[in-house]
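Enquirer: Residue-level listing of the chains:
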Amino acid sequence: MLRRDGIKALLQRIDHEPIIANLGSATFDLYEEQDRDANFYTWGAMGMASSIGLGVALAAPDRKVFVTDGDGSLLMNLGSLGTIARQAPANLVHIVWDNHQWAETGGQPTHTSTGTDLAAIATGAGIPHVAAVSTLEGFEEALDRAISEDGPWCIVVDVEEAGHGPRPSVHVEENLLRFRRTFPSA
Amino acid sequence: MHWTDSIIESLRAHDIWLISYVPDAVGWQVLSKLEKDDSFKTVPAAREEEAVAIVAGAYAAGKRGAVFVQSSGFGNTVNSLAQLAIAHRIPVPMFIGMRGGLGEFNPVQVPSAQPIPAILDALQIQHYAPEREEDVTKLVDGSIELALASRMPVAVLLYSGLVGAKRASS
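Protein chains in written order, with my numbering: chain L, 1 to 186; chain E, 187 to 356.
Excised from the complex, chain L in its bound form:
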């Protein structure tokens, strides 16, 4: 399946819920599909999307919070899975677009191309609800469960890399401020 189809499926199912997008293609494709105030685009701090998402989820326990991560980035911050499992926020849905490559730097193969299993690592870290999917139907089924049932969830999605959308035109400071305004406590 394509990452873009997964993003469309996610956007179809949610309203104003926050999405924290990993740097690079996860951010670019989300921006192209639907630029919305509740999108937090990251441009750097590689690996930190899931940690940012944990902070959002703890601060806003009444909203489902979605992280769209990448395999290269999650490999950089595997400890985050343990940190999330320890806090166990019921509202956090951590989606990993696993294209088996560092796409932004030339498509070099990541460790998932040689057998590293991020879903197994998530399970081992103590994440209670983990799914590994490779078709759009499988992803939609896992996503529907993650939206209707308590988490935390980690959904590792095997995606075919097919290029990505444009860079967001919204400035990083403005992105933070408009994201923040979607929360009543801010």
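Simulated from the structure, these hints should not be mistaken for laboratory data.
Please note that the accuracy of each hint is not assured.
Computed from the model, here is a short list of chain L residues facing chain E with C-beta under 7 Å [what the hints assert, rightly or not]:
1) L2
2) G44
3) M48
4) A60
5) S80
6) T83
7) I147
8) D150
9) V170
10) H171
11) A186
Covered, in the sense of this in silico footprint (three residues per stretch, anywhere, with C-beta under 8 Å from a C-beta of chain E), are these stretches of chain L [to be verified]:
12) 31-43
13) 49-56
C-beta atoms are modelled at their ideal positions from N, C-alpha and C, and glycine is treated no differently.
Chain L is already provided as a structure; the job is to place chain E on it using the hints.
Expert: Quick look at chain E alone, frame taken from chain L:
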């Protein structure tokens, strides 16, 4: 007031709620009290850069936080500080338990701690180091207010002169 209680009351007075940390002997003197205080949400992290990003996420959702790390792990925060907190303008009060000074027994603590003020300067992060217990409230209040107003990280360096040196036997 004990320096640990001064820090806690400053945090409380400024509605700092989420405390993310990687523990050390200095920070734990504060953190062990915060862990038992329902007005704070404590989040142990596996690595220091996570702690900064967790606090950044909480701020993005409207809640204030602070970070506690040891000087030996400060280097691990630079990814999050530069490309997240500073770039996006997110206030992150940081409390750094400083090793590598008077009374240090561990040689590797020295070269990791000594460059921290210079690294903070290079990142344009303001930093303060209370030397006496009676200075703690003023400097911590001021640091938190500065972080919130400037929407930038601000560091409070906790040296052994204030908090006591960790001994080889301790």
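Enquirer: Now look at each hint and say whether the structure bears it out.
Expert: Hints, verified against the model:
{"no.": "1", "hint": "L2", "verdict": "28 Å, violated"}
{"no.": "2", "hint": "G44", "verdict": "3 Å, holds"}
{"no.": "3", "hint": "M48", "verdict": "4 Å, holds"}
{"no.": "4", "hint": "A60", "verdict": "5 Å, holds"}
{"no.": "5", "hint": "S80", "verdict": "6 Å, holds"}
{"no.": "6", "hint": "T83", "verdict": "5 Å, holds"}
{"no.": "7", "hint": "I147", "verdict": "19 Å, violated"}
{"no.": "8", "hint": "D150", "verdict": "19 Å, violated"}
{"no.": "9", "hint": "V170", "verdict": "12 Å, violated"}
{"no.": "10", "hint": "H171", "verdict": "10 Å, violated"}
{"no.": "11", "hint": "A186", "verdict": "3 Å, holds"}
{"no.": "12", "hint": "31-43", "verdict": "holds (count 3)"}
{"no.": "13", "hint": "49-56", "verdict": "holds (count 6)"}
In summary, the numbered hints that this structure violates are 1, 7, 8, 9 and 10.
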